[in-house]
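Undergrad: The lines below spell out each chain.
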Amino acid sequence: MPLSNLLEVVKKEIRQLIRDKRTLALVLLQPVVIILFLGFCLHHDVSDMDAFVFIQETGNYHIEKHSQDILEVIEECEAFHITNQVDSTSKIYDAIRDGEARVGVICNSSGWIGFKLTFVYDSTNRMIDGVVKEGMANVSEELLDILIVQPQYFEVQSESHFGEYTYFESYTPGILCLATFWVCMSISSLSVIMEKTSGTIERLLTTPYSKVEIIVGKLIGNSMAAVSASITSISIVFWIFGADVKGEIPIILLVSILVGLVSLGHGLLISAFVESEREAVQITAYLFLIYLFLSNMFWPLENMHWSMAYARLGCFLTYAVNALDGIMLKGYSVLEVEQDLVILGIFGLFFLLTGILAFRRKITKT
Amino acid sequence: MSKRHIVISVDNLTVKYGGFVAAENISFKVFSNQVFGILGPNGAGKTSILRVLTTLMKPAHGKAVVGSYDVAKNVKDIRPLIGVVPESFALYTYLTARENLLFFSKPYHLAKELQSKNIERVSAILKIQDRLDDKIITFSSGMKQKISIACAVIHNPKILFMDEPTIGLDPKIRRTIWKLIADSKEKMTILMTTHYLEEAEQMCDNVAIIDQGHMVAQGNPLELNQLHSAQSLEEVFIKCTGEE
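So the sequences go chain by chain: A and B. Here the numbering used here is used: the first residue of the first sequence is 1, the next is one more, and so on. Here the numbering used here is used: the first residue of the second sequence is 367, the next is one more, and so on.
Each hint should be verified, as a subset may be incorrect.
What the hints assert, rightly or not - In the PhoX-like style, the derived pairs of lysine-lysine whose C-alpha atoms are separated by at most 20 angstroms in a straight line are:
(1) LYS510(B) / LYS524(B)
(2) LYS21(A) / LYS65(A)
(3) LYS218(A) / LYS472(B)
(4) LYS472(B) / LYS524(B)
(5) LYS493(B) / LYS551(B)
(6) LYS553(B) / LYS524(B)
(7) LYS211(A) / LYS196(A)
(8) LYS211(A) / LYS538(B)
(9) LYS211(A) / LYS395(B)
(10) LYS538(B) / LYS493(B)
(11) LYS553(B) / LYS362(A)
(12) LYS478(B) / LYS510(B)
(13) LYS211(A) / LYS472(B)
(14) LYS553(B) / LYS196(A)
(15) LYS196(A) / LYS218(A)
(16) LYS538(B) / LYS395(B)
(17) LYS524(B) / LYS369(B)
(18) LYS11(A) / LYS21(A)
(19) LYS91(A) / LYS211(A)
(20) LYS369(B) / LYS382(B)
(21) LYS91(A) / LYS65(A)
(22) LYS395(B) / LYS510(B)
(23) LYS362(A) / LYS472(B)
(24) LYS211(A) / LYS551(B)
To be verified - Selected chain A positions facing chain B (Cβ under 10 angstroms, derived; list incomplete):
(25) PRO151
(26) GLU155
(27) THR206
These aren't lab readings, by the way, just hints derived from the structure by calculation. Ideal placement from N, C-alpha and C gives every residue a C-beta, glycine not left out.
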């Protein structure tokens, strides 16, 4: 192989890359943004989980005498951060169910001198599971030292509030959202771009078809992709992997279709700003990664950098994952995830309207 | 024979893309049942003029009237009157030829019978009957161009705009397209851009030669030959636009 030929090909490739400003921008910016997002969002060393504590003091020597010490030991443990002290067990369960706390610590008596610590925790994220158990071990070790109590009088136990899930099951809401998002967003942006590059959009604009008919018709046609992607993903999750989660399949399907429709609108908006199929795929992949980090579908919110914790509020997949998490893992009804669904709908409308406006502007300019 | 009337009137038309002037102070008239050719080298501004006349762009200055409608104001009135053959094939590749034809004829609300009759008639002229139910993706460039032209004339437009209709096609297909243009002249007015001067000489009743956005000559090909003491339109073209 003559080296000069190879060098020519290399030179040509570098020139092409440098002169294509959009690709160059992606090449330079992508690693920076992705690494920043990774650095700020991904932490396996979860700490300071919001904890509610209930200490039932009555009738127990150790608890009455050392309630303050118990609180201090829990607070000093890196895993927990006490945000509230409540006066009943039911308030602990309510706080976890409503997402106000990740962990609840119930301290009550076990006989006259013995006592029991129960760590109730949100079991929908498997990373938290390990951290809670580690935290429990640390707290009990400290308490045994401080309280000078015989181990047989001191019991520590954990209780997963929403049931036990496998790793796969605990990630199914995120997986469903991502699969539907990817399919719908790429289908919608690519189909618009292909119409632009093939010239069919221009041809249509010289006919009596109106711009609104063209855009809305396209979206309705593409919504088949949302339905199909949702049915396929759900079928695989339930029938191939046999996920044993809560929630009715038709409800899960409807939420997944809603995620697909919002993603179609997002794709339309993207297509108004890109010039080629390659750019559309690059941007879609880019957003896929950013949304993956931001929506805390795999990594818990705790220890996410504050800037990312705010940024996630602007990511529609956050609300999609919250809603499906609620339905599939926590057993919420649709009404209980109403707020997330409404926000998701607002995102959908925003994408759709801005997408239509941007697209209209773009095709008017062509 | 009925008296000819003006179908397209372009008056001091200027077309701009941002600050770039693609065509400036262009004026010409096209009469009914004429074939009018806009000739010019690549980048002369031919397609830009066509884009204004087919309602894809608004003029920066001047006026253009298609039918009896101003392109700047009456887009919705113009679109039902025109058929457009774009420079690229602009077809849906995963639809069949028939599906493309039906889709592009739909907004004109033709009666079903007329629609079927038109498909038969146009496909017979363009010799595409045997492949009507094949997907566009399986077609050669020549076949694609034939379908593209069929899509533009399927609704019997009064005015047909064709942007380089025979570019890159083999002589056989070119002849078929010339025949369609010649046959259609009785029913419609045709404005085409081309840089095949032999084609223009043969097909066009009148031509306008554009160079670097400016009109350099216009008239009947024979008159232009006489005026410029040339043997052919190609000679006129070179005299007007200069050697490369």
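Undergrad: Hint by hint, note whether the structure agrees.
TA: Tested hints:
Straight-line distance between C-alpha atoms of LYS510(B) and LYS524(B) comes to about 23 angstroms, which puts the hinted pair past the 20 angstroms bound. At roughly 70 angstroms between alpha-carbon atoms, LYS21(A) and LYS65(A) are farther apart than 20 angstroms, so this suggested pair is violated. As the CA atoms of LYS218(A) and LYS472(B) are separated by approximately 16 angstroms, the hinted pair is consistent with the 20 angstroms bound. For the hint pairing LYS472(B) with LYS524(B), the CA-to-CA distance comes to about 17 angstroms; that is within 20 angstroms, so the pair holds.
At roughly 19 angstroms between alpha-carbon atoms, LYS493(B) and LYS551(B) fall within 20 angstroms of each other, so this suggested pair holds. A distance of roughly 7 angstroms separates the Cα atoms of LYS553(B) and LYS524(B); the hinted pair therefore holds under the 20 angstroms criterion. Of the supplied pair hints, the one linking LYS211(A) and LYS196(A) holds, its CA atoms being roughly 13 angstroms apart against a limit of 20 angstroms. Restraint check: the Cα-Cα separation between LYS211(A) and LYS538(B) comes to about 38 angstroms, which exceeds 20 angstroms; the hinted pair is violated.
For the hint linking LYS211(A) to LYS395(B), the alpha-carbon distance of about 30 angstroms lies beyond 20 angstroms, and the restraint is violated. For the proposed pair LYS538(B) and LYS493(B), the alpha carbon gap of about 11 angstroms is at most 20 angstroms, so the pair holds. Taking the CA atoms of LYS553(B) and LYS362(A), the gap is near 35 angstroms; set against the 20 angstroms cutoff, the hint is violated. Restraint check for LYS478(B) and LYS510(B): the C-alpha separation of about 24 angstroms exceeds 20 angstroms, so the hint is violated.
Between the alpha carbons of LYS211(A) and LYS472(B) the distance comes to roughly 15 angstroms, so the proposed pair stays at or under 20 angstroms and holds. For the hint pairing LYS553(B) with LYS196(A), the CA-to-CA distance comes to about 32 angstroms; that exceeds 20 angstroms, so the pair is violated. Pair hint LYS196(A) plus LYS218(A) holds up; C-alpha atoms about 13 angstroms apart against a cutoff of 20 angstroms. Distance restraint check for LYS538(B) and LYS395(B): the Cα-Cα separation of roughly 32 angstroms exceeds the 20 angstroms cut-off, and the hinted pair is therefore not satisfied.
Taking the CA atoms of LYS524(B) and LYS369(B), the gap is near 16 angstroms; set against the 20 angstroms cutoff, the hint holds. For the proposed pair LYS11(A) and LYS21(A), the alpha carbon gap of about 17 angstroms is at most 20 angstroms, so the pair holds. Restraint check: the Cα-Cα separation between LYS91(A) and LYS211(A) comes to about 55 angstroms, which exceeds 20 angstroms; the hinted pair is violated. At most 20 angstroms may separate the alpha-carbon atoms for a hinted pair to count; LYS369(B) and LYS382(B) exceed this at roughly 36 angstroms.
Annotation: proposed proximity of LYS91(A) to LYS65(A) is violated, straight-line Cα distance about 24 angstroms (limit 20 angstroms). The straight-line distance between the Cα atoms of LYS395(B) and LYS510(B) is roughly 31 angstroms, outside the 20 angstroms bound, and the hint therefore fails. For the given pair, LYS362(A) sits about 25 angstroms from LYS472(B) by alpha-carbon distance, which is inconsistent with the 20 angstroms threshold. Between LYS211(A) and LYS551(B) the alpha-carbon distance is near 31 angstroms, which puts this suggested pair outside the 20 angstroms criterion.
With 10 angstroms as the threshold, the beta carbon of PRO151(A) stays out of range of chain B, its nearest partner Cβ sitting at about 72 angstroms, so the hint is violated. The beta carbon of GLU155(A) is not positioned within 10 angstroms of any beta carbon in chain B (closest approach about 67 angstroms), and the interface hint is therefore violated. Interface restraint check for THR206(A): the shortest CB-CB distance to chain B comes to about 4 angstroms, inside 10 angstroms, so the restraint holds.
Checked against the numbered hints listed earlier, the structure breaks hints 1, 2, 8, 9, 11, 12, 14, 16, 19, 20, 21, 22, 23, 24, 25 and 26; every other hint is satisfied.
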